[in-house]
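Undergrad: Now for the letters of each chain:
2 protein chains.
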Amino acid sequence: MTQNINRTRRSLLAGGTMAALAAATGAAHAKEGAPAFDKIYDVIVVGSGFAGLAAALQARLKGAEVLLIEKMPVFGGNSAINGGAFAVAGSPLQEKEGIKDSPERMLQDMIRSGRGLSHVDLLKMIVEGTRPAFDFTLEHGVQYKPFVQHFGGHSVPRIMQTVESTGGGITRPLADSCRKHGVDMHLNAKMESFIRDADGRVIGLKVRERYQFPKEDSGVLQTYGTRKGVIMATGGFSRNLWFRMQQDPSLDDRLDSTNHLGATGEGMLEMFAIGGAPVQVDQIQLGPWSSPDEKGFGLVSQFNTIAGFPMGIMVDVRTGKRFCNELADRKARTDAILGLMENGKPVYPVCFTDSKGVAKAQTLRNGLKYKVIWQFDTVEALADHFKIPAAELKAQVARWNEMVAAGNDKEFGRALQLAIQLDKPPFYACRVWPKVHYCMGGVGIDHQARVLTVHGKPIEGLYAAGEVTGGAHGASRLGGCAIADGLVFGRIAADTAVAAKPAAL
Amino acid sequence: MTQNINRTRRSLLAGGTMAALAAATGAAHAKEGAPAFDKIYDVIVVGSGFAGLAAALQARLKGAEVLLIEKMPVFGGNSAINGGAFAVAGSPLQEKEGIKDSPERMLQDMIRSGRGLSHVDLLKMIVEGTRPAFDFTLEHGVQYKPFVQHFGGHSVPRIMQTVESTGGGITRPLADSCRKHGVDMHLNAKMESFIRDADGRVIGLKVRERYQFPKEDSGVLQTYGTRKGVIMATGGFSRNLWFRMQQDPSLDDRLDSTNHLGATGEGMLEMFAIGGAPVQVDQIQLGPWSSPDEKGFGLVSQFNTIAGFPMGIMVDVRTGKRFCNELADRKARTDAILGLMENGKPVYPVCFTDSKGVAKAQTLRNGLKYKVIWQFDTVEALADHFKIPAAELKAQVARWNEMVAAGNDKEFGRALQLAIQLDKPPFYACRVWPKVHYCMGGVGIDHQARVLTVHGKPIEGLYAAGEVTGGAHGASRLGGCAIADGLVFGRIAADTAVAAKPAAL
Chain A
29 MTQNINRTRR SLLAGGTMAA LAAATGAAHA KEGAPAFDKI YDVIVVGSGF AGLAAALQAR
89 LKGAEVLLIE KMPVFGGNSA INGGAFAVAG SPLQEKEGIK DSPERMLQDM IRSGRGLSHV
149 DLLKMIVEGT RPAFDFTLEH GVQYKPFVQH FGGHSVPRIM QTVESTGGGI TRPLADSCRK
209 HGVDMHLNAK MESFIRDADG RVIGLKVRER YQFPKEDSGV LQTYGTRKGV IMATGGFSRN
269 LWFRMQQDPS LDDRLDSTNH LGATGEGMLE MFAIGGAPVQ VDQIQLGPWS SPDEKGFGLV
329 SQFNTIAGFP MGIMVDVRTG KRFCNELADR KARTDAILGL MENGKPVYPV CFTDSKGVAK
389 AQTLRNGLKY KVIWQFDTVE ALADHFKIPA AELKAQVARW NEMVAAGNDK EFGRALQLAI
449 QLDKPPFYAC RVWPKVHYCM GGVGIDHQAR VLTVHGKPIE GLYAAGEVTG GAHGASRLGG
509 CAIADGLVFG RIAADTAVAA KPAAL
Chain B
29 MTQNINRTRR SLLAGGTMAA LAAATGAAHA KEGAPAFDKI YDVIVVGSGF AGLAAALQAR
89 LKGAEVLLIE KMPVFGGNSA INGGAFAVAG SPLQEKEGIK DSPERMLQDM IRSGRGLSHV
149 DLLKMIVEGT RPAFDFTLEH GVQYKPFVQH FGGHSVPRIM QTVESTGGGI TRPLADSCRK
209 HGVDMHLNAK MESFIRDADG RVIGLKVRER YQFPKEDSGV LQTYGTRKGV IMATGGFSRN
269 LWFRMQQDPS LDDRLDSTNH LGATGEGMLE MFAIGGAPVQ VDQIQLGPWS SPDEKGFGLV
329 SQFNTIAGFP MGIMVDVRTG KRFCNELADR KARTDAILGL MENGKPVYPV CFTDSKGVAK
389 AQTLRNGLKY KVIWQFDTVE ALADHFKIPA AELKAQVARW NEMVAAGNDK EFGRALQLAI
449 QLDKPPFYAC RVWPKVHYCM GGVGIDHQAR VLTVHGKPIE GLYAAGEVTG GAHGASRLGG
509 CAIADGLVFG RIAADTAVAA KPAAL
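Protein chains in written order, with this note's numbering: chain A, 29 to 533; chain B, 29 to 533.
Each hint should be verified, as a subset may be incorrect.
Same chains, same names: a pair is fine if it fits in one copy or spans any two.
[Stated by the list, open to error] DSS-like cross-link-like pairs, simulated, lysine-lysine; straight-line CA separation at most 30 angstroms:
(1) K349 to K438
(2) K485 to K243
(3) K373 to K152
(4) K173 to K397
(5) K388 to K323
(6) K373 to K422
(7) K415 to K349
(8) K323 to K173
(9) K349 to K422
(10) K349 to K373
(11) K415 to K452
Just so you know, these hints were derived from the structure itself, not from any lab.
Based on the provided sequences and hints, a complete structural model is requested.
TA: Have a look at this one:
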């Protein structure tokens, strides 16, 4: 009997207390030494944003039996509500418009934005994977607008945007393809903990089915085994106030977040708690284009990225003057905007463009309707509404128009490829204030998406992709690179998992 | 029998794989359901720097049976080779010299240096504890120099320094006191992993005795139980190149470290791997006062903190001009120095003072002997040696002397309380280049030094103090505040542990 006890013990040695308990419970009713699973798959994917859907679809297309679990009542995660902007180095539209771009050029832009913190080995995988990932989305029915956009921090226009202007334009077709190809997809299914074998390999998950977010004890527990491994695509923790404030106490509850309520990061935390390396976890990005006049991502964020920033200017209401490069990377702009505070109180800057600048701004109409964007016939009226010194503002607009004509932003060195003179009323304006948007940090992975321990060794049977991982983006992620990261590394994780030696379950 | 098996299982459910194996092995030879320990203590302290020694001594003085383990062949850890500078808010010497100071004033200095990332609840404990901790060291035989010093980032002179000018001036007397009062002290004893009970409480350690750093499989394994808990005082990870580069890839092997070779951070990593919260782990400080002409902490670091920076000036060799406030906080100075690079290659600035300025510099003589500090009869000779434009340098010295006379550094706003005119040859100069010095980040704790999980709950039986913890210092620790943090939180951890409900072993 002693021998049997020891063999059973060996099956219990891994994971947190809960995982081990689950395995123990299973073991009591199963064959000696092996936990009993309610069902066994080749690959289990946790999370259904860009990374999770790309991983599940890729693994399924390679012949794996795949389970995808999503804790919320809808698929798509936070990806579904993002702006749908995808940075592609070398797209057909760039070629058509004569824009010279390459993975190497995109790499240099991302390294610059990362401020010395970027893991270049991961970035290389991303930039080289953007075009194949873009083609992959086309094959699965994603549709993009027929023009390429210029986002802050990128040295050339390289943003492809879904026709819907949201990430849902990608997650919906990918989820449809997953379903069509036979991925087992569970909504309201929350990963509770890992199940590991005696060598530490991840061989399954304890999952709370019929979970009702955010009731932690709702639903019923099931255990699922995995021969090839678990791919974690659980996103960021912008909505986990305690953990976010541990990393950056200044990101307190006075700061809103653009993220959906489910962005609470438990998947990442579970990986840390079984020895996954934390990497740059306090690098948390604020989006510089959001509005203090609405909640969450809202209408203004998209207005500013497609119109306000590339086609307009942003001014300090106290001076009527620009105060930063409106196309600098997100961190530079956010730091500049937060720098406007007076005695810890926000001073909201105003961003505006003219009637030509708003041609592509799909959220303009609703923005006007819900009074988060305003329309003015003259610069004076705009100045008056926001209490900006009118003469100063008019002088700024005149200087701007001259600089655009000369092709040289002498004030802040902004790239002017898409810039326009502001001279065709009416003018459209909004107030701007940053919101917590993206977690650059996360769990450490290698270039094959294998999760690394604190000692730098891969954890067998565990892969991660997208926002839950750390290192690629360093101190500041460029716009359009979340979709790039998620889709590219989701597919890499699937390739690595499918090629793994199967666990003996 | 089933019931017995289950009880035995319950004792195995916690900790990493190794810990569980150890517990399992123990359990097989012990009474049902409890691991067998080679010895049981009230409190076990891991690490013998400022925090570890203060914790062990404090716990012993309160009557606890204490084991202190140190993986290296000598006590003192990295603390023994630090500069021995202790920031005390409200010391007798400050009172004597009429320097107005308070814990609140020190708090504001530390918050400023932390750049918004500081955990103020932890800082408050530190600043309020400095005077009691200072008195504690006096009671145990520590001796300080009879003058107070002014370090960068502090708004007033508040640094007390050991007569030995090293932290060994504190660690040696504290270790002696520990021994005298009966702390069980083991050298070459490396913590391998935690042993936890079914509820996750830390109830012991697996320890590698007769360990020979850095041979990971040397020595023999022992298990020690603890009724009140384990206090982790294992310091930073400046010498763990892989983990340090995961956090900040720019800190590669071209950058030296001031730390001893044992500063590899395994204790912190083990805490992460059982669910301890990682906090601001990528906030890693470079010391701005070290020399490219010698290895490790060296002689120049102390020369610059006591003489070069407070009594002299630092110039760019290409221009002969100052380029930063020599008493700014460490991050500001480091960033300024690293900003001198040309195409990624260092351009070493030169720091110098005159014969009055070096009066208190104990490392001057050896610095001259080992040619890491040089002596010059004139400013011209100094300029010639370092290839600095002589006329520019003379003009800078003249401007400096005028500003000191006027009591106002118009160039960089430096506090001039201790500054002197540079007019009494000979002059003493050294080259300066930053080295990796201190890890601000670490494991999350509360104000009672209880280690917090990623979900913000204390891990029962686990406490941490000093450099291994994260959050107090935010983005930049002020000089003299490592001793403050270590001594204050070491004592707090001991108080919390001693007051804990004992585990039933």
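Undergrad: If a hint holds in the structure, say so; if it does not, say that too.
TA: Structure-based check of all given hints:
When the C-alpha separation of K349 and K438 is checked against a cutoff of 30 angstroms, the pair qualifies both within a copy, at 14 angstroms, and between copies, at 28 angstroms. Taking the shortest alpha-carbon separations for K485 and K243, only the inter-copy value of 18 angstroms comes in at or below 30 angstroms, while the best intra-copy value is 35 angstroms. Within a single copy, K373 and K152 get their C-alpha atoms only as close as 41 angstroms, which misses the 30 angstroms cut-off; across copies the closest is 24 angstroms, which meets it. Proximity of K173 and K397 under a CA criterion of 30 angstroms is satisfied intra-copy only: 24 angstroms inside one chain copy versus 71 angstroms between copies.
Proximity of K388 to K323 under the C-alpha cut-off of 30 angstroms is restricted to the intra-copy arrangement: shortest distance 23 angstroms within a copy versus 59 angstroms between copies. When the C-alpha separation of K373 and K422 is checked against a cutoff of 30 angstroms, the pair qualifies only within one copy, where the shortest distance is 27 angstroms, while the shortest distance between copies is 46 angstroms. Taking the closest pair of Cα atoms, K415 and K349 come within 30 angstroms of each other only inside a single copy of the chain (13 angstroms); across copies the shortest separation is 44 angstroms, beyond that limit. Taking the shortest Cα distances, K323 and K173 sit within 30 angstroms of each other inside one copy (26 angstroms), while across copies they are farther apart (58 angstroms).
In this homomeric assembly, K349 and K422 come within 30 angstroms of each other (Cα to Cα) only inside a single copy, at 10 angstroms, whereas the closest approach across copies is 41 angstroms. Taking the shortest Cα distances, K349 and K373 sit within 30 angstroms of each other inside one copy (20 angstroms), while across copies they are farther apart (38 angstroms). Proximity of K415 and K452 under a CA criterion of 30 angstroms is satisfied intra-copy only: 22 angstroms inside one chain copy versus 59 angstroms between copies.
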